[in-house]
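Peer 1: Chain by chain, the residues run as shown.
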Amino acid sequence: MGWLGRIDLTMATLRVIFESGEPERVIEFSPSKAPFQHDGEPGSILDVLLAHGIALEHACGGNCACTTCHVIVKSGFNKLSEAEEGEEDLLDRAPGLTPTSRLGCQAVIEDEDAEIVVVVPRYTINQQVAQPR
Amino acid sequence: MNQRLTYTATVERILEHTADSRSLFLRLSKGTAFSFTPGQFISIAIPLPNENRVRPYTLASSPEDDGPLEIVFNLVPGGAGSEYLFQRKAGDQLNFTGPFGLFTLDRAPEVETIFAAEGTAIAPIRPMLRRALAQPPSAPLKLFHAARSRGELLYAEEFEAAAGRCSKFSFEPILLQHPAGWGGRSGGLVEHIQELFVDGDKRRDRAFYLCGVGQGVIVLRDLLRKAGYTRRAVQYERW
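Residue numbers (the numbering used here), protein chains in the order written: chain U, 1 to 133; chain W, 1 to 239.
Worth flagging that the hints you see were computed from the coordinates, not collected in a lab.
It is possible that part of the hints are untrue.
Claimed, not checked - Pulled from the structure, derived: some chain U residues nowhere near chain W, Cβ distances all over 12 Å:
no.	residue
1	32
2	67
3	85
To be verified - Distance condition first, Cα-Cα at most 25 Å in a straight line; then the derived SDA-like pairs of lysine to any residue:
no.	chain 1	residue 1	chain 2	residue 2
4	W	226	U	53
5	W	226	U	63
6	W	142	W	205
7	W	226	U	81
8	W	142	W	62
9	U	79	U	114
10	W	226	U	88
11	W	226	U	92
12	U	33	W	50
13	W	226	U	84
14	W	226	U	89
15	U	33	W	49
16	U	33	W	80
17	U	79	U	28
18	U	33	W	51
19	U	33	W	78
20	U	33	W	48
21	W	226	W	214
22	U	33	W	79
23	W	226	U	72
24	U	33	W	52
25	W	226	U	93
26	W	226	U	91
27	U	33	W	53
28	U	74	U	95
29	W	226	U	85
30	W	226	U	82
Said to hold, decoys possible - Far from chain W, some chain U residues (derived; all Cβ distances over 10 Å):
no.	residue
31	13
32	25
33	26
34	34
35	52
36	76
37	97
Every residue gets a Cβ at the ideal spot worked out from N, C-alpha and C, and that includes glycine.
Extracted from the complex, chain U is given alone in its bound form:
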């Protein structure tokens, strides 16, 4: 197998399940190419989603100052950057908190071969600002 083939094999995947019932999305991307747009930590779930036309709400601009980008990680929790104190302080007050809750703007996908599955709670998405890439 050539070198290009290896690159294809090491893409990270992010599967997004919408509680609102919209069809799920599977995004393949290379974490080392982050940032993909302007908001949230480079390579964060928010960064990846926004760059792929999924308008995860982020009222504070991805600055870790609200909980509107709250996602529930179904798979790959350990493949995400560890939550810092600022994120924990906010998550404590997030509606619908679960043990694998994260803020999309802070949870960075670092592994080149990570397979992450997240659920976007019903009240988090804001379709209104959806923009294609």
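Chain U is already provided as a structure; the job is to place chain W on it using the hints.
Peer 2: Below, chain W without anything else, positioned relative to chain U:
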């Protein structure tokens, strides 16, 4: 699909504080109800050529006000939001959602409380104090506001007047450098807070509301929590 209600407001007035900081006063159309808790922000739509970005702006006005909503901000070169807002003129319209944010205070605290902010990050503290001082407070309230220049000590006259009216409230402006004729504190906010409330005594029954741009707030948070103040007693917002 739960969609946020989008509000439209008209820029009623612009107040220049300094060459690169100003307030916009936003008037909602008549009959539009909008309520918020002191400390919260709104998320303003910034229309860019190829995307709609949202940027948060803390409300410096009070829910008690009947007047327009006030946002206060610095011109950040290259910052999409502040450049856009700096170009707005009276009569222009803005769309926003909100309110958002958990850095709030909706009643006077029952313990001694220290409010500390840098520059325009005084915005959330102003309505918090207005709320806390609505009735004579039962515990001391102390405001430390640090800025680069006197012109950036926003609302200083208002805070001084409030301190004159209420003996339980004190206002300490801090300038980064000490200009000639300045009788107040100078230097860094972190150093003053450390000297007074960490090294100064062993009491750890105070509460803190900290707001600023950049790492300083995080340094203060860690300093206070490590010094023995409980996690919940140290509330903060970092922009």
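Peer 1: Against the earlier hints, flag every one the structure doesn't satisfy and list their numbers going up.
Peer 2: Numbers 2, 3, 4, 23, in rising order.
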